[in-house]
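**Q** Sequence:
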Amino acid sequence: MKLLQELIHPELATREGRALRRYAARGIVLREDRILLLFTERYNDFSLPGGGIDEGEDIAVALVRELEEETGARDVQVKEHYGFIEEYRPYWKPDYDLMHMTSHFFVCDVAQELADVRMESYEIANGMSPIWISVNEAMSHNRQVMARQENTMGQSIQRETFMLETILRELVQQG
1 MKLLQELIHP
11 ELATREGRAL
21 RRYAARGIVL
31 REDRILLLFT
41 ERYNDFSLPG
51 GGIDEGEDIA
61 VALVRELEEE
71 TGARDVQVKE
81 HYGFIEEYRP
91 YWKPDYDLMH
101 MTSHFFVCDV
111 AQELADVRME
121 SYEIANGMSP
131 IWISVNEAMS
141 HNRQVMARQE
151 NTMGQSIQRE
161 TFMLETILRE
171 LVQQG
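Heads up: the sequence shown at position 8 corresponds to 8 in the working numbering, and the numbers run straight through without jumps.
Please note: incorrect hints may appear among the correct ones.
Stated by the list, open to error - Below, computed lysine to aspartate or glutamate pairings styled on DMTMM-like, alpha-carbon distance capped at 20 Å: (1) K2 to E41; (2) K79 to E32; (3) K79 to E57; (4) K79 to D116; (5) K79 to E170; (6) K2 to E123.
What the hints assert, rightly or not - For each label pair, taking beta carbons as the anchor points, the in silico distance ranges come out as: (7) L171 to E86: 13 to 23 Å; (8) I8 to L114: 33 to 43 Å; (9) D75 to E11: 15 to 25 Å; (10) E137 to R15: 32 to 42 Å; (11) I124 to D54: 35 to 45 Å.
For the record, the hints were derived by calculation from the structure and aren't laboratory data. A virtual CB, placed ideally from N, CA and C, is assigned to each residue, including glycine.
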């Protein structure tokens, strides 16, 4: 397994303290220079689909479940483990000082047509929707949000923008 990056959120003073430990699986689904992403209105950003791995759940099973729920993807094929990111960021619940998340990224294929999404209530409330978009366009959008330091900017935008940059550099056919 390849460590892609270690990210420490700029508002986090230290990695010491009581950490909520989370693991996530995220999908990289490409079609030429376009990628299947989620746009979130609340944060005005693009992110890779995926999410938390339940206790005892197989990572590939979690990824397929998340892709189906969030994007309506069908016939998901998990091709290869691309790498992982270790992320440390502030956490808002009083029982913890920070969150330590490990996000595993997998290259996947899905059926041409997407089915209906089955998002959770918080995802609907945040205005999440799947979209096929060019990697460059999504990356540029996220960079602009970060440059403007928008008030609604989410904590995951650093991770997502880093991954879009990496995907563009390493996986998208430059032609």
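**Q** Would you mind marking each hint as holding or not holding in the structure?
**A** Taking the hints in turn, this is what the structure says about them:
no. : hint                    : in the structure
1   : K2 to E41               : violated, 32 Å
2   : K79 to E32              : holds, 16 Å
3   : K79 to E57              : holds, 18 Å
4   : K79 to D116             : violated, 23 Å
5   : K79 to E170             : holds, 16 Å
6   : K2 to E123              : violated, 29 Å
7   : L171 to E86: 13 to 23 Å : holds, 21 Å
8   : I8 to L114: 33 to 43 Å  : holds, 35 Å
9   : D75 to E11: 15 to 25 Å  : violated, 40 Å
10  : E137 to R15: 32 to 42 Å : holds, 34 Å
11  : I124 to D54: 35 to 45 Å : violated, 20 Å
Of the numbered hints listed earlier, those contradicted by the structure are 1, 4, 6, 9 and 11.
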